[in-house]
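K.L.:
Listed below are the residues making up each chain.
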Amino acid sequence: MTSFHRSRQRLTLALTAVSSLVIAACDKITPNSTLTPHSEFGRAIDGLWRETLVLGTIVFVLVELALIFVIFRFRRRDGSAQPKHVHGNTTLEITWTLIPAVILAFIAVPTVRTIFETQAKAKSSALQVEVIGHQWWWEFRYPQYGVVTANELYLPVGRTASFALKTQDVLHSFWIPELAGKRDLITNRTNYLWFTPESSYVWNGFCAEYCGDSHGYMHFRVFTVAPAQFDAWIASQKSPPAFGGGGAGPAGGAETATARPTLPLHAVPSTPTPAGLAVATASGDAARGADLYKRSMCIACHAVQGVSAGNIGPNLTHVGSRTTIAGSIYPNDAHHLMLWIKNAPLMKPGSIMPALGAGQFDRKTGMTVAAGGLTDQQIADLAAYLLALK
Amino acid sequence: MATAALDSHALAAHHYSSTGLDNKKIGIWAFIGSECLFFASLISTYLIYKGHSITGPYPHEACNPPACATPLKAILNIPVTSMSTFVLLMSSLFMVLAHSAVVRGDRKYSKIWLAGTALAGATFLGFQAFEFTSFVHEGLKITTNLFGSSFFVLTGFHGAHVTAGVIWLITLLFIDMKRGLGPRDAINVDICALYWHFVDVVWIAIFTLVYLIK
Amino acid sequence: MAADHTPGASDTHPDAHVDAHGVTHGEHPHHPDWATYKWVALILTVITVGEVWIYYTPFKENRLFVPTLLFMSAFKFATVVMFYMHLKYDSKIFRVLFVGPLIIAMIALVSLLFLFGHLALKTG
Amino acid sequence: MATTVAPPRHAPAPPKYERGVWSWLATVDHKKIGQLYLYSALGFFLIGGIEALIIRAQLYGPDGRLVSAETYNMLFTMHGTTMIFMVVMPLSAAFFNYLVPLQVGARDVAFPRLNAFSYWVFISGSLFMNVSWFIHAAPNGGWFGYAPLTTRAYSPGVNIDFWLIGLQILGVSSLAAGFNFIVTIVNMRAPGMHLMRMPIFTWAAFITQFLIVLAFPIITVAVTFLMLDRFFGTNFYTVAAGADPLLWQHLFWLFGHPEVYILILPAFGLVSEVLPTFSRKPLFGYPVMVYSIILIAFLGFGVWAHHMFAVGMGPIADSIFSITTMLIAIPTGVKIFNWLGTMWGGSLRFTTAMLFAIGLVGLFTIGGISGIMHSSVPADLQQTDSYFIVAHFHYVLFGGSMMGLFAGIYYYFPKITGRMLSEELGKAHFWITFVGMNLTFFPMHFLGLHGMPRRISSYNANQGWDLDNHIATIGAFILAFGTLFFVVNMIRSRRSGAIAGNDPWGAPSIEWSLPSPPPDYNYATLPQITSRYPLWDRKAPHLTAEVPHSARGDKQSTIRVAGSAVATAEYGTDLQDDLAVVSFPSAHELGIPMPTPTIKPLLASLGLSVAFSGLIYREKELELIAKMQPATHHVSIAIMLLGGAIFVTALYNWLLTPLEPEH
Ligand code: HEA
Ligand code: HEA
Ligand code: CUA
Ligand SMILES: [Cu+2]
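For the record, the sequence lines run as chains A, B, C and D. Residue numbers for the first sequence follow my numbering, beginning at 156 and rising by one. Residue numbers for the second sequence follow my numbering, beginning at -14 and rising by one. Residue numbers for the third sequence follow my numbering, beginning at 30 and rising by one. Residue numbers for the fourth sequence follow my numbering, beginning at 9 and rising by one.
There may be inaccurate statements among the hints.
Unchecked claim - Derived pair list, reagent style DSBU-like, types lysine-lysine, alpha-carbon separation capped at 35 Å:
| no. | chain 1 | residue 1 | chain 2 | residue 2 |
| --- | --- | --- | --- | --- |
| 1 | B | LYS126 | C | LYS89 |
| 2 | B | LYS126 | A | LYS321 |
| 3 | A | LYS276 | B | LYS126 |
| 4 | B | LYS93 | C | LYS117 |
| 5 | A | LYS321 | A | LYS278 |
Hints listed in this document are in silico derivations from the structure and should not be mistaken for laboratory results.
Model the full assembly from the supplied sequences, consistent with the hints where possible.
P.N.:
Right under this line is the structure:
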């Protein structure tokens, strides 16, 4: 921290010299830095950034030095004579019109080149991913594999991933700072973006276009993994969910399930839960939960392969295999799941998912969940079931 | 702009002017310049959305099932619009005649041509009212599709400008009747005329871009 | 940048005071008259008829149709502005006030059409 | 002077308009209106600033819980809207109003009543938008309100309605003022004041007016579309009807980028007045300064899509807009360098005004350079919608516009009030602001580069953003502290500041030949302008002898000043009793006809605002319609008709009464 702090102070003194220091410090302290790219796209951008930084810094230093010099050299001292009235100097003025023009040419040329490089068509061998923005969560589809998931994206290292970006409602913007620049998700349009992840890690992704109440709560996670791991993940995602269609005990996907990765600190959501929202900690029973789920209103919005086909909310077929929920703002554990089910709008401003716990007040609709609301026990069972959906 | 129009009258009477031009006239030209951007935005929008409506009716093409539940014929009525266009063009002629009459101090003709211009403007509005109602009957409302929205708002705003112009003309006519307009009022008629002609040229553009070009 | 020239547009007429009628001297008095006006009206009518006429001829399918129409309406536009709005005879300040914005408006319109993937002319 | 005397066609204004609150409500004097703009805008600056302070407090640490996400969204929307439309624009308008007629040597603006109208429309629009706070329904769509988020489908409720209606009203104000000043500057310049002799601030004002009258029609159209969509169900931005959200973005930014130059050019103009005075040296390369203003304004219309690099316009459009954007750096650079050239070889006196002016030169450059970094499209894909952008535009807006405007306030306060602002408090204000400003906004560069998106109501821990946010928040409160010095200074000095005298700074332009504050008719007789720096010609002819345009055989300028002669004291200290002795003849004694004060512009603006605000009730009716009940009441229509009636009556009344009692 302190080394970082010192570096900042020097930074304000001499931008260039220190920018490298910051970069050195980044991996530890700044997990979402755009200055430590991990894809060819990221590096292309970084190249341009460094160039503009250097040129910009030169301009900055020259202008400020000149300013400081003038301030000290020409301050009025008593008895200093009336200055000579100069009205201009054509040669000078032409010079300082041309020099910036030249500097800009040095920025413009690589800029245009990079524009065309990075906006070329993606390799046909690329992994196709469909990204669909929703208020306020992300849907990821892998058409080549028939896999649908939410808020957690798996990418094989070394294989180009090509994204088709769409939105269900308003504008959003798809941003993984360490991997690539932004692309907006535009209503009634499809945008494209591709890059090749170069190292395996867990990255944070954000929505970067203001999209309403919970724009600030629309994150996602990206797991760049070894190809073998990726295949395993695909397999487990394709497998039928636990409690199959019939709910005959924890059969199904369980055995193919990949162990949930443990997250680095920066990927663990720290969002505090709303004060006053709690569940009498009854340990839930997955089987009962599975049974309840079929009859609950959840099915109106959520899909669980072979059980329900709702498509308003995230697909829950393998929700248990995810590390975070609700736009990656809460860890995926019984506690948070229960609170979420009990009163989502309290957990996430404006959430489309209504409050479902009995007696809960729904800030969105302004109504209290009366009869048919879920008891804490039922909620615990549902949570247990969802966690079992590995 | 009418605001600006008579405002500086007294000022001009004794204030120095750097260009020898009249404040009001400079003002109206600045206003017209700004109106160019206003109508450019409206026209751009119309053209951008042209052919992007997902349901009929459409300006130039008929729309038959299954594309449209009920068969819809092409909306625009060129003959009628040509008529109204002609009327508006003529109104511009009347306007210049009214102006020169006022400059000449010819009370009789100033009234006649002012009235004529206002009448022509009113006729144009009549045509537009007819056009709009018949469109609604043929199933094109402002809420129907992109074409409906952009068409009615573009032509509607033009119509609003014509209305304002007619009111302005009637006001002048009224003054003419009350105390008569003479050379000293020429400038006030002139700026009204400039506004009126501008509304006319805007229609010249709309007529081609919206009605004639597919 | 010593030389201080004075753009004509701004040339002041120190003696261009304004009389009580608010009508200014120094303003170019020459205005077109009925003779001009009736010709202008005639031309406008003829062109309009022409526009509508070709709309009903097979020429409509010709790819010169749109450019022709645009040219004709541009011509009408210019005629009205120059003669009815007597921009042709008036102070060049007015010309600047009108043509400047018109150019910006045109550029904006055309570039918008390109940005939305309509070639400027063949819209729809 | 007019000789034809007609009998007065209307009774002169009631005497109550002469003094007290009425004298403000009914004023048509550009100097009074200028002050109204000044103090209103400063009031809104405090409001916008307090909003900013809440934002910063919320973001001080991770997972801030000071305000709810919903409130936060209202805060940044209103903060941005307020600062741009209710602070910087009206502050500039304050100087247009107060200075332009003085600088061009006119008695008033071309259309004094239209001018009053502009102010009252501005104030009612601003108040209207802020009223929404009291029902906790402040606008929440961001200051550029992207569709479709701002359409009814995704933003039911009145928040966005308040924003749209407010913007529409404010637009009317800016447009009306725009035409007024164009005419004033074209046609009311004193004898001998060629365009190339105009004070540089007047030039900046002149070009800014063109930006206004050409950019505002576009936003008017865009906003009208959205209003029609929300209130009457049209489809301009209706997703279901196949609308293209980029239509709003293009129209908005086609206005939005010229708008940012509307925000900076007046500040540039003020700085170009301050630097020469305190360098005792004419502006370096005046003609080039003029041309660069014009060029910046023109290019400003060709770069709008640089706000949309992430929407996928395709490589060709991206490249074009990238390059046009870079071009703007050239004329802007020329200005920076010419300012340096102005100070070079001068004898600089560091008054507070000078400090703020130099602050602009130093700080705007930083914001400009980050702007150039955005203009490189791929790089911008990382920067856009991150705090790096927030850093950019606060460096140009606070470090540029606000610094320039503060310089202007310290420089012209003596002319406006006749009293000096305290230099001690002023210097404290500057230095605290300077430190606070950099502490607040410099770390935002790192926040952006380290991946912090903008417009987020809170952020998780361990993202590496905590330290920079701490610093930024502390900086913001330092800024607030500094601003308090300014508030105190303004209040105290109005009453007890040192007497200024005509020309406390030894400035070159003619407004300084007038007593402070100037008489209502400004100039007893119109000045005859013979050079760019008339007062310097008078005081130090030997220096200005070489000024090319006064060497053209023109006779020395003859500026007659009512009351005392031109005072050239540095601080007005030896003029303590100046205000007392300056007793200049009234307009009446001099036989100068002055516009009659009238309340009609105020009434007209009220009518206009009422008419617009009626729309708010439309929302309730829509709810009923949505509930399948026919709208039982039509309050909205009623209110709009009422407002319309008031407007039209007031307007006709105003138009048909001559500006001045005939004499
Ligand atoms: C006062 C207002 C103001 C001004 C003057 C500017 C000036 C500039 N702005 Fe800025 N801008 C804003 C206000 C302003 N901007 C605002 C409010 C936004 C955000 C809107 C939003 O999203 O909310 C924005 C956003 C913005 C973006 C969009 C970023 C994004 O959202 O992705 C871009 C992109 O190109 C940009 C570029 C520029 C450039 C190139 C200039 C140039 O004019 C700068 C030119 C000046 C210099 C370069 C410095 C001096 C020059 C020299 C010393 C010469 C030598 C220099 C070089 C050779 C580099 N601005
Ligand atoms: C001229 C324009 C201007 C100015 C001056 C400022 C000034 C400030 N802005 Fe500005 N800001 C914008 C224009 C401006 N801003 C715009 C356009 C946006 C984008 C909005 C959007 O995204 O839609 C924005 C967004 C914005 C954000 C990003 C919000 C987000 O994206 O989530 C932040 C965050 O820190 C911020 C902070 C500040 C701060 C700390 C100041 C400080 O400089 C404020 C300093 C002033 C004060 C502190 C006031 C002093 C108050 C007192 C002294 C109290 C006295 C009280 C009484 C007497 C009653 N602003
Ligand atoms: Cu989605 Cu912001
Ligand atoms: Cu911009």
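K.L.:
Tell me, in ascending order, the numbers of any earlier hints that this structure violates.
P.N.:
3
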